[in-house]
Amino acid sequence: MGAMNEQALAKYTNNFLREVEERVEEGEWVKMCMQCGVCAGSCPFGPDWEHSPQKIFMMIRAGKRDEVLSSDSMWMCTSCYNCVVRCPRELPITQIMHGLATYAQRLGLAPKMNPTRKFSLLFWDNCTRTGRVNELKLALGLYFMDGLVAGIKKAWAMRNTGLGLLMAGRLNPFEILKGHECKDKAGIQRMLKKAYEIEEKRRGFAK
Amino acid sequence: MTEVVATSQTIVVVGGGISGMTAALEAAECGRQVLLIEKTPALGGRTALLYRYFPKLCHPTCGLEINLRRLKSSRNLRVLTMAEVTKITGARGDYSVSLKLSPRYVNENCTACGACSEAVEAAIDNPYNYGLSKMKAAYLPHAMAYPQRYVLDPSIVGTPEGEKAKAACKYGAIDLGMKQETLEIKAGAVIWATGWQPYDAAKIQPYGYDRYPNVITSLEFERLADPHGPTGGKITRPSDGREAKDIAFIQCAGSRDENHLRHCSRICCMASLKQTQYVREAYGEEGKSTVYYIDIRAIDRFEDFYRKVLADKTVRFVKSKPARIAEDRKTLDPVIHGVDTEGYHRYASRHDLVVLAVGMEPAVKGADIPHEIVADSSGFIESAASGGFFGAGCASNALDVNRSVQSATASALRAIQVVRKSDRVEA
Amino acid sequence: MADLKYAAYVCSGCGIGERIDAAQTAKIAEKEGKIALVRQHPFLCSSDGVALIRKDIGEGATHVAIAACSRRAKTEAFHFPSVALARANLREGVIWARPDTDEARETTQEMADDYVRMACAELKKMKLPAGNPEVGRSTRILVVGGGISGLTAAVEARKTGYEVVLVEKQAQLGGWAAKLWKRVPDREPHAAPVDTGVRELIDAVTKDAGVKVYTNATLAQTSGAPGRFNATIAIESGASVNEEIGAIVQATGFSLYDMNRLPELGAGKSPNVVDQAGLEKLAREAEASGQPICRPSDGGEVKSVVFVQCAGQRDESGKHLPYCSGYCCNTSIKQAMYFKDANPAVDTVVVYTDLRVPGNGEDFYRSAQHKGVVFTKGKVASVEPDGNACTVNFRDLILDEDARIEGADLVVLATGQVANAGVDIENADATDANGAKPISILNLNYRQGKDLPKLSHGFADSHFICFPYETRRTGIYAAGPVRRPMDIAQAMEDATGAVLKAIQAAENSQLGRSAHPRSGDLSFPMVRLDGCTQCKRCTVECPFGAIDEDEKTYPVFNESRCRRCGTCMGACPVRVISFENYSVDTVGAQIKAVDIPDEFSEKPRILVLACENDAYPALDMAAMQGNHYSAFVRVIPVRCLGSVNTIWITDALNGGYDGVMMMGCKHGDDYQCHFVKGSALATERMSKVDETLKTMSLETERVATYEVAITDLKRLPQLIEDYAKVIDKIGMSPMKGFA
Amino acid sequence: MAKKEYAFYPGCSSQLKGSASNYLTSVNSMCETLDVKMTPIPDWNCCGASIGYAGSGELARHVMNARNFALADEHLHGQDVVATCAACWLGAKETKEKLGASAQLMADTNEALKEAGLQYKGNTQVRHMVEVLIEDIGYEQLGAPVVKPLEGVKIAGYVGCQTNRPFGIAGESFENPLYLDKLVETVGGEALTKYEQKVTCCGGALAFSEPEKSQAQIKDIVESAYDQGADMIVTPCPLCQANVEIYQSDINKRYGTKFDMPVAYYSQLMAVAYGATPKQAGLDGHIIKPTKLQEIAVKVVPTGKR
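Chains as they are written, first to last, in the numbering used here: chain A, 1 to 207; chain B, 1 to 427; chain C, 1 to 739; chain D, 1 to 306.
These aren't lab readings, by the way, just hints derived from the structure by calculation. Please note that the accuracy of each hint is not assured.
Unchecked claim - When the alpha-carbon atoms are kept at most 25 Å apart in a straight line, the in silico DSS-like pairs for lysine-lysine are as follows:
id: 1; chain 1: A; residue 1: K183; chain 2: D; residue 2: K114
id: 2; chain 1: D; residue 1: K213; chain 2: B; residue 2: K203
id: 3; chain 1: B; residue 1: K134; chain 2: C; residue 2: K552
id: 4; chain 1: D; residue 1: K17; chain 2: A; residue 2: K178
id: 5; chain 1: C; residue 1: K159; chain 2: B; residue 2: K234
id: 6; chain 1: D; residue 1: K213; chain 2: A; residue 2: K112
id: 7; chain 1: A; residue 1: K154; chain 2: D; residue 2: K258
id: 8; chain 1: C; residue 1: K666; chain 2: B; residue 2: K308
id: 9; chain 1: A; residue 1: K183; chain 2: D; residue 2: K279
id: 10; chain 1: A; residue 1: K64; chain 2: C; residue 2: K379
id: 11; chain 1: B; residue 1: K308; chain 2: C; residue 2: K379
id: 12; chain 1: D; residue 1: K213; chain 2: A; residue 2: K154
id: 13; chain 1: C; residue 1: K27; chain 2: B; residue 2: K313
id: 14; chain 1: D; residue 1: K253; chain 2: A; residue 2: K153
id: 15; chain 1: D; residue 1: K154; chain 2: B; residue 2: K330
id: 16; chain 1: A; residue 1: K137; chain 2: D; residue 2: K17
id: 17; chain 1: C; residue 1: K666; chain 2: B; residue 2: K56
id: 18; chain 1: B; residue 1: K330; chain 2: D; residue 2: K194
id: 19; chain 1: B; residue 1: K330; chain 2: D; residue 2: K17
id: 20; chain 1: D; residue 1: K219; chain 2: A; residue 2: K193
id: 21; chain 1: B; residue 1: K245; chain 2: B; residue 2: K330
id: 22; chain 1: C; residue 1: K159; chain 2: A; residue 2: K64
id: 23; chain 1: B; residue 1: K203; chain 2: D; residue 2: K194
id: 24; chain 1: A; residue 1: K185; chain 2: D; residue 2: K253
id: 25; chain 1: A; residue 1: K11; chain 2: C; residue 2: K371
id: 26; chain 1: A; residue 1: K137; chain 2: D; residue 2: K213
id: 27; chain 1: A; residue 1: K154; chain 2: D; residue 2: K253
id: 28; chain 1: C; residue 1: K536; chain 2: B; residue 2: K186
id: 29; chain 1: A; residue 1: K193; chain 2: D; residue 2: K121
id: 30; chain 1: A; residue 1: K183; chain 2: D; residue 2: K37
id: 31; chain 1: B; residue 1: K330; chain 2: D; residue 2: K219
id: 32; chain 1: A; residue 1: K118; chain 2: D; residue 2: K258
id: 33; chain 1: C; residue 1: K714; chain 2: B; residue 2: K245
id: 34; chain 1: A; residue 1: K11; chain 2: C; residue 2: K303
id: 35; chain 1: A; residue 1: K153; chain 2: D; residue 2: K219
Whenever a hint applies, use it, and build me the whole structure from the sequences.
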């Protein structure tokens, strides 16, 4: 993905704001922020981020490209939409955060070890493979995403929960072999492939 | 039956607040015939319910006294209270204005001796204190009410309470048989000065005005500080009557907000700066004010006042639009959650009382004005095609008192231009 | 045979009859008040009570005393414009101010009796004001200044049917507005700059025979008074012309704060650093050439522009303007749009500390953001020009770090407005904020100075929030940025209001009537020059500069400049100044009329001289709300404490009063005296009374002045009670019985 | 009551033995009583949820949802698409609005859909089960079939995020929505209207990736329910249900608390009140048993009430 980053850098020399407007989902809204800070105060994980949304927007305007794209703040978004409904300028902040994260991911600048980044990719891959989520594989995939040992530890830690769900009939061990899936898997794959192509074109990612 | 003499030379002014009174007086003092229409039982409007003005911290009632004296000594000015305009037809120089007159149940015999009020026991919410207190159902609106004449609340008419009032009056001033009247009058020009109303704070859900007793509006706070108010000027908490010494002022409560009012209401910053000084007046160094703001809009020499407040150790400024207010279940203290964006500092601040600097919207929104006009998206009057209808004061824009009076004076001239007898050199 | 021209009426309604012996009071009016026709009535304000009075007036009564409620109450019923009227306040002033108890009864009765004595005595000294014979002749409006404010004033005056004389210093009309490419919108959608409209205004004025326009002209002298001003206009040729004028609108606008005082912001170091006027110039040149705005240094393409807000404004160092000019945020937004609307690729950054766009300015702000104008909350430290590029160093207040914008092709400094308000009459050698020594604009030949008094920061604004057109030079009204920093929309509104006031002043001067706040008052100061000692106190102390001096330094009263406050009357040591219905005698007689019990009676008498606008209503309302006070006070409303002549104090003390309380409005910077310095003057004069007291070997406590407000419903009765205690402590006056 | 028919979008978690399978069970039972016919959209697919963003980007997400719309339109023409899962509803509704607002996005979406032989005409209505109950049926009608009012059960209505923001239920406020409380009262329970954590975020998908942070949130949610004296929490959201129920044991370990607060779905309350058996109401699907509900569910229905 380094190439795409190079190409972006070349195209948007010191105008990160324009880059965001053109390439990030809902990015054109960033300029509308008036720095009131309501989003920052509304975020449930607020205390855990380095940069609040409003601050990220200011950093974008200030051209702090690397700091923004490598920040893990966006990855803290729980999609609770508190910021969106309170924003006096009606910015779709949740989507912008997702958009920035996605863009950072595409450019390969997102923080490698961020668990949510991994989980997000894992989830999408999991649900698009068959058209439906395979919860068991998802869970295991999550535990093992930091390697075998870590995985076994996590799985062990969660064994009670897993067992509980199992007993409650809310976890199906056989999903490991074959879980739910859509009939038209192939069609879904084709359609998604097309969607990626189109978006690459629209956002100007294509070389 | 009410008699009113009005001709195409008459200027009708709608609204008896400071803008309407000013427009009416200035026109009358230019020798024009003016009819001033007020919906409530007394003149004075919104400013009569303020404790002090910024930036001088002088008292609105002082100017009201002067205007009332001007009004009493003017022969060109007629006042109709408890009158509402229901329809305005016609055009420049030739309007006909339909009025609805509500019964006062008290006639001009009233000497304001107060006997009826003493006799009556029934109490109603006192609108002049935004319902923060009760008043007798036979009442004089406020100490400076003009006309200085009592009013009977309709709720006691036809009840023994009403009869008590009647029996108590030695001067035959109480007429329980009064009926609503309608009236049609001529006018050459109309000045619409119906003023503003506070934005409904309950709609700002994150601040919990509808849920937390110790979250109030800036207008209610004016009443708390006012010696004429429900607490006799003591700044206390609605929940427990305890002295409120640590007070938060939240700016842009409804203003500058796509979810509420899109415009900036102009006055709120200065109003809050002023109110921090009420806290100081009441509690000295013990008082504590915190102003949560986006931009402090203290333009022109108001900046001097802002500077003065900045220098006040009891006042703190936080550049932040608070995200939400929570309530401490035990103490009922409001706790404000948000982030100070100057450098990103997260806070959860507990206060005795939170005052929402609520925004300003037209008391009668453009679409509800019974005449064809052009209003902006907030409902403020921009213009009217009929050519002789003019908005004045806060009906025309979010204005402070000084600018409202300027606007009213200007609209008085525009009205005069319409009705002036053509005895002067023509333009 | 008694003079039937005098009639007195004692009302026993509203509980007066129950609380006092009205018959006795009536008898006092007759016997002591020497009023021939005295009537009692149970309900005087009723239609038949009023009819009774009318009838007597019809039969020749010219002076009427009404002993009933406060002069503030029942004014419609007791409206008898054809007679001299005195009112004894038996309701708010007596029965409501006193507890309804047996022990209080006697003293309450004495209060009532005294107020009737006082009303009768006052009546005897009163005359029905005949009005000022020296009426104005002209209703022409002189507009000084041909900018957007002046042009608007001229056009509005014409629309109202008044002739206009317009004087403009420059060769062309239009002022600042004519220098702008476009203006900030004042109508929805508030999305883009709009035409200034100044061209149309200039045409309207120049094409109108009813407007005499003098360009390249200044006022050599302005003399006279409302309705009869004489303006001597120095015109281009060097000659001068005289115009008779009814009233004046001063719309002399502002000068931009000189950016050369801001070298730290790069001013003067590079042509690429301009002020807002400079940017407008570039914009108009660009339009003329059909090219985009280019870089002054080399005509290069402009890719990046930085706007520096509050340049030399809101300054705490004391070097620059301390205030905010209010219009600059919107102007920078507008100017940023000049670039964005032409080419969205141009980077425009506005660096601000508080973005101040009240009202619909918020829409304009949003629109700019939408167009891609970047707003950065920061404080600019310096601008460093380097060849064709500038570097802007600032503190980013959001990111909380020092930051810089490099390679700016243009830097626009939002400097503020400095009023063109002429000389500072309090300090003739004062320089303005730009360091210039102002020259007079009006060249008034007034005793008190050549121009309008200034309020603050050199602006000629009204001091009153409720009365923005209050002026200390009757008939002369400031409009536009000369009175307060403001934008075009406000200036036009302001000019329209100012014209109304000018017209009003001109019209009222023709009727011999006073202007605000005693609007319609027909009384005016009369002076007995033969007694005058030319001490000049009246000419110096008049808050409105109404009194000039002739060559022998005798006072020359210009009645239609006068606001009837009586400050001159209070100032006059030889008491030769009076009004027909308000004089040293009308008040003096009341003071003397009060019955003073002997020193063993334990009934002190305290004279209260109360400002009729704030203190007196406050006492009324205190009583209405059941706040009682001592029965020993006798309250006399005065037009203003400034009108209090010290003779009243000495008369009172000589006459055996035990104390005098003077209640006036707040003075100082935030003064609330509606006659500007009346209460301040009174305080100053009373400080001198101490000497007099000593010579009379009286305690200084016997005279006290208070600053009170109309809201002091609880405080005032308390002040009175406390003062009564003081008197009780120092004891009764030794002067009793000598009078 | 006339039979109402909807195109049902159950969502991944509601599938057989899925983490919210008991939600589905209770919904079926509830709908049966209310005479509402829910026909699953044939071959429906995952909505991508909000957490899928890093992989999906914008368009792919919309395409996934649009596929469901297209299928619904094709097989269940004219029926509103009704989701029971907050994330499904939100994702679908967002797609619907975005495509409705942008012709470009609509064209791109259909270009992709063509690959699966489908087309979205933009006429689909997206609803949440709760909307169906409140708007199409109404509280009064919902109360009619109650045979076992949940008398004396104190219930904290936990609305959570995604059924509440950014769209929410018409007429409700984002900060203090009252519909869960109204539903509770409709079925005879005691609604704890002062429960102040009703719209707090449970951490959503980050419960998996950021357990510590999420569990801090969940702790507040449960604690406040206890403070209000709740017997149980009720929620309309599968993820909320799972997070708030499942992690209580971890929270107890981490904070030394003794949480044991049952978390049920509104549909379970209704099913029970309508006389369903514990199994029909999916009460067997809990790690923390909703004993109060259980007790009521096993009670014999007073005769004559059915």
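Consistency of the hints with the structure:
Between K183(A) and K114(D) the CA atoms are separated by roughly 17 Å; this keeps the pair inside 25 Å, and the hint holds. Straight-line distance between C-alpha atoms of K213(D) and K203(B) comes to about 31 Å, which puts the hinted pair past the 25 Å bound. Between K134(B) and K552(C), the direct Cα distance comes to roughly 66 Å. Violation of the 25 Å bound is thereby established for this hinted pair. Pair hint K17(D) plus K178(A) holds up; C-alpha atoms about 13 Å apart against a cutoff of 25 Å.
For the suggested pair K159(C) and K234(B), the alpha carbons sit about 51 Å apart, so the restraint of at most 25 Å is broken. For the suggested pair K213(D) and K112(A), the alpha carbons sit about 20 Å apart, so the restraint of at most 25 Å is met. The hinted pair formed by K154(A) and K258(D) meets the criterion: a straight-line CA distance of about 23 Å does not exceed 25 Å. For the hint pairing K666(C) with K308(B), the CA-to-CA distance comes to about 19 Å; that is within 25 Å, so the pair holds.
Restraint check for K183(A) and K279(D): not satisfied, since their Cα atoms lie roughly 30 Å apart, outside the 25 Å limit. In summary, the hint linking K64(A) to K379(C) is supported, as the alpha carbons are separated by about 19 Å, within the 25 Å threshold. Only pairs whose Cα atoms come within 25 Å are accepted, and K308(B) paired with K379(C) is accepted, the gap being roughly 21 Å. Between K213(D) and K154(A) the CA atoms are separated by roughly 16 Å; this keeps the pair inside 25 Å, and the hint holds.
For the hint pairing K27(C) with K313(B), the CA-to-CA distance comes to about 63 Å; that exceeds 25 Å, so the pair is violated. For the given pair, K253(D) sits about 16 Å from K153(A) by alpha-carbon distance, which is consistent with the 25 Å threshold. Proximity of K154(D) to K330(B) is assessed by CA-CA distance (about 21 Å); at most 25 Å being required, the pair is judged to hold. Taken as a hint, the K137(A) and K17(D) pair is honoured in the structure, with Cα atoms around 14 Å apart against an allowance of 25 Å.
Pair hint K666(C) plus K56(B) holds up; C-alpha atoms about 11 Å apart against a cutoff of 25 Å. Using a Cα cut-off of 25 Å, the hinted pair K330(B) and K194(D) holds, with the two alpha carbons roughly 13 Å apart. For the hint linking K330(B) to K17(D), the alpha-carbon distance of about 44 Å lies beyond 25 Å, and the restraint is violated. With a C-alpha separation of about 42 Å, the suggested pairing of K219(D) with K193(A) is violated against the 25 Å cut-off.
With a CA separation close to 18 Å, the supplied pair K245(B) and K330(B) stays within the 25 Å bound. With a C-alpha separation of about 58 Å, the suggested pair K159(C) and K64(A) falls outside the 25 Å cut-off, and the hint is violated. For a cut-off of 25 Å, the pair hint linking K203(B) to K194(D) stands: about 18 Å separates their Cα positions. Under the criterion of a C-alpha separation no larger than 25 Å, the hint pairing K185(A) with K253(D) is inconsistent with the structure, at around 42 Å.
Our distance criterion of 25 Å between C-alpha atoms is met by K11(A) and K371(C), whose separation comes to about 21 Å. Distance hint between K137(A) and K213(D) is fulfilled; the C-alpha atoms sit about 23 Å from each other, no more than 25 Å. As the CA atoms of K154(A) and K253(D) are separated by approximately 15 Å, the hinted pair is consistent with the 25 Å bound. Using a Cα cut-off of 25 Å, the hinted pair K536(C) and K186(B) is violated, with the two alpha carbons roughly 54 Å apart.
Annotation: proposed proximity of K193(A) to K121(D) holds, straight-line Cα distance about 21 Å (limit 25 Å). With a CA separation close to 24 Å, the supplied pair K183(A) and K37(D) stays within the 25 Å bound. A C-alpha spacing of about 20 Å is found between K330(B) and K219(D), which places the hinted pair at or below 25 Å, so the restraint holds. About 33 Å separates the Cα atoms of K118(A) and K258(D), which puts this hinted pair outside 25 Å; it is violated.
With a C-alpha separation of about 23 Å, the suggested pair K714(C) and K245(B) falls inside the 25 Å cut-off, and the hint holds. The straight-line distance between the Cα atoms of K11(A) and K303(C) is roughly 16 Å, inside the 25 Å bound, and the hint therefore holds. For a cut-off of 25 Å, the pair hint linking K153(A) to K219(D) stands: about 24 Å separates their Cα positions.
In terms of the numbered hints stated before, the structure departs from hints 2, 3, 5, 9, 13, 19, 20, 22, 24, 28, 32, listed from lowest to highest.
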